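Required output: the full structure, derived from the provided sequences and hints.
There are 4 protein chains.
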Amino acid sequence: MQRIIIATAAALVLAAPASAQESARERIAEEYPELELVYVSRVNIGAPLTIGETARGNRRLIPITGGSFEGPEMRGEVLPMGWDWQLDRGDGCTQIIADYFLRTDDGAVINIVNAGTLCPPDADGNPRPARTSPVFEPPLGKYEWLGQGGFIGTIGFDPAASEPHVVITVYRAK
Amino acid sequence: MQRIIIATAAALVLAAPASAQESARERIAEEYPELELVYVSRVNIGAPLTIGETARGNRRLIPITGGSFEGPEMRGEVLPMGWDWQLDRGDGCTQIIADYFLRTDDGAVINIVNAGTLCPPDADGNPRPARTSPVFEPPLGKYEWLGQGGFIGTIGFDPAASEPHVVITVYRAK
Amino acid sequence: MQRIIIATAAALVLAAPASAQESARERIAEEYPELELVYVSRVNIGAPLTIGETARGNRRLIPITGGSFEGPEMRGEVLPMGWDWQLDRGDGCTQIIADYFLRTDDGAVINIVNAGTLCPPDADGNPRPARTSPVFEPPLGKYEWLGQGGFIGTIGFDPAASEPHVVITVYRAK
Amino acid sequence: MQRIIIATAAALVLAAPASAQESARERIAEEYPELELVYVSRVNIGAPLTIGETARGNRRLIPITGGSFEGPEMRGEVLPMGWDWQLDRGDGCTQIIADYFLRTDDGAVINIVNAGTLCPPDADGNPRPARTSPVFEPPLGKYEWLGQGGFIGTIGFDPAASEPHVVITVYRAK
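Chains as they are written, first to last, in full-length UniProt numbering: chain A, 1 to 174; chain B, 1 to 174; chain C, 1 to 174; chain D, 1 to 174.
Read the hints as simulated data drawn from the structure, not as lab findings. Just so we're clear, the structure is a prediction, and the values are computed from it rather than from any experiment. Incorrect hints may have been included.
Here are the simulated lysine-lysine pairs, DSS-like style, with alpha carbons at most 27 Å apart [said to hold, decoys possible]: (1) D:142 <-> D:174; (2) B:142 <-> B:174; (3) C:174 <-> D:174; (4) A:174 <-> A:142; (5) A:174 <-> B:174; (6) C:142 <-> C:174.
Distance ranges between label pairs, derived from CB positions [claimed, not checked]: (7) D:124 <-> C:123: 15 to 25 Å; (8) D:161 <-> C:50: 47 to 57 Å; (9) B:52 <-> D:70: 35 to 45 Å; (10) A:124 <-> D:124: 45 to 55 Å.
Glycine included, C-beta positions come from ideal geometry on N, C-alpha and C.
This is the structure we're talking about:
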């Protein structure tokens, strides 16, 4: 394995004496990866196709019909192909796996598989945030960094929009 | 699809007039998901098995031989089974896919598939952070939240350790 | 694990004396799973989108634009969504992963992920058969057996057809 | 897409006049892919670890502790690593996903992911055959054909064996 030594005191937490642990915890705090915005996207969706009960649970298929995305380093359109292949699970959450393509304004076509969960409000009635783990496959070159990082997505809706859509915002862990 | 309305102004950025965009950007800034520590783990590894060149690139197999993890809400051991199935890619990075199991101190067995990349230093010789997208499959109950969120992992090494290992730290996007 | 005892002498081949091995080999011969036709499909395809070189190799995306399938126990249409996400590999073969949906004439929507390889002719110039491992996810009920078996697909072309297509024939291992 | 023209009359079935259909059906019959034996393996298994109910259903983990395989073109050992990650599904079947490694007697290490189902007897009490879709990742060279074909696996047990095991027999579609 490539030995890329990354300065980290994290390991010390596990086996160090108390004072060392304290300083290790401080250093972890400093080294928390930060999230930076990659893009905000509006993904338009078509009428859901009900698959119904399968051997793994209830499924539906939500076609992706287009959209757009914009961020500090990339912008373009969502191609009108792909879908979200949803599964209602035993923990009360709906698993989403959205598989589709972005085309940047300079012509790169990038696959995104965005998996995560939509969960009901917690016991106190508070909404639970919807977080995803987007995985990209870009061509080499300008956007290859999309294939190298760890990313977090959020799922939201634009209250002002009239057509069916989701707002997917993607962040990169620096 | 379940309509879980999550307060977000993100979508406005795409289509709003200038002043609205400004305020939307502010709101996004406020709504950035934060990362909170789930655990720090030490994953012990055995001697790599060289697979060699495959149809997809050069591969090696790194056995996972045990370890431990500790965090604010969970702690326990890494089971001595599983491996990191690495692939050297055309972008100069090594893709890691580590598939193994955690056993908590109260007996839950949790699968983790931790995928990410180890990349060489950038053009200026600066190390590039190694970030992963861990995906968990826990039993229902106390740890089911591990199956619902978006997570980021980091890869490091403990300079003080004598045996082969990696330090994997996992964060949850709140 | 469920102990579904299936009569098989196969294991004896590994550890039995010579005469027993002979009879075991005979029994294996008798127990070879046979392939039975599930359906023949014509899958229409759109113009390929060139992705270009990625970290895993050269990729292209071939949209699936519709089609039909017919077999002894099922018939219907190929939905105009989905694609074949191809990868040129280091063994000279092109890996295909076609992900799309069938809709039967009685309304069931069934996901198929059909993975396999297209390889160049062998050293003697003879064509090499293209074989795939289709995996189905059907709703429960009439077609649930599609989610339970082992399947083999073949890839061909209809010389008489004028529009771009592939002929995918699917067999089930009895 | 590479245009590897494979002689097939299959497509004609869909759109040809009656007499042509008849002859096409005959030709399909002749072109049925045949299954040829790749190997018979005995895969030794350890005590199952109960995971319990998850968001996707009840799971258990069956460690793979070693074994051997033998066939006309390859033989060797099953490495003592890997597992079968089982899921009890809503169709009454248990989904198996066994992920492990073979080492041939000439030193190649080959990954196998063997997915399939174990289903209860049918309504008449007859056992249902257990069929899988093994997918291999071999190094380039002598065994690279394992990464190019379509394969079918069967699952059995050796009544004469005293230790926990499964007999996995693998066939290739010619």
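Hints, verified against the model:
1. Taking the CA atoms of residue 142 of chain D and residue 174 of chain D, the gap is near 18 Å; set against the 27 Å cutoff, the hint holds.
2. This hinted pair checks out: residue 142 of chain B and residue 174 of chain B have alpha carbons roughly 18 Å apart, not beyond 27 Å.
3. The straight-line distance between the Cα atoms of residue 174 of chain C and residue 174 of chain D is roughly 16 Å, inside the 27 Å bound, and the hint therefore holds.
4. With a C-alpha separation of about 18 Å, the suggested pairing of residue 174 of chain A with residue 142 of chain A holds against the 27 Å cut-off.
5. Distance restraint check for residue 174 of chain A and residue 174 of chain B: the Cα-Cα separation of roughly 16 Å lies within the 27 Å cut-off, and the hinted pair is therefore satisfied.
6. At roughly 18 Å between alpha-carbon atoms, residue 142 of chain C and residue 174 of chain C fall within 27 Å of each other, so this suggested pair holds.
7. Our hint of 15 to 25 Å for residue 124 of chain D and residue 123 of chain C is violated, since their Cβ atoms are close to 50 Å apart.
8. Taking 47 to 57 Å as the suggested C-beta distance range, the pair residue 161 of chain D and residue 50 of chain C conforms, at roughly 53 Å.
9. Between residue 52 of chain B and residue 70 of chain D the beta carbon distance is about 23 Å. The supplied range of 35 to 45 Å is therefore violated.
10. The given range of 45 to 55 Å is respected by residue 124 of chain A and residue 124 of chain D, whose C-beta atoms sit roughly 53 Å from each other.
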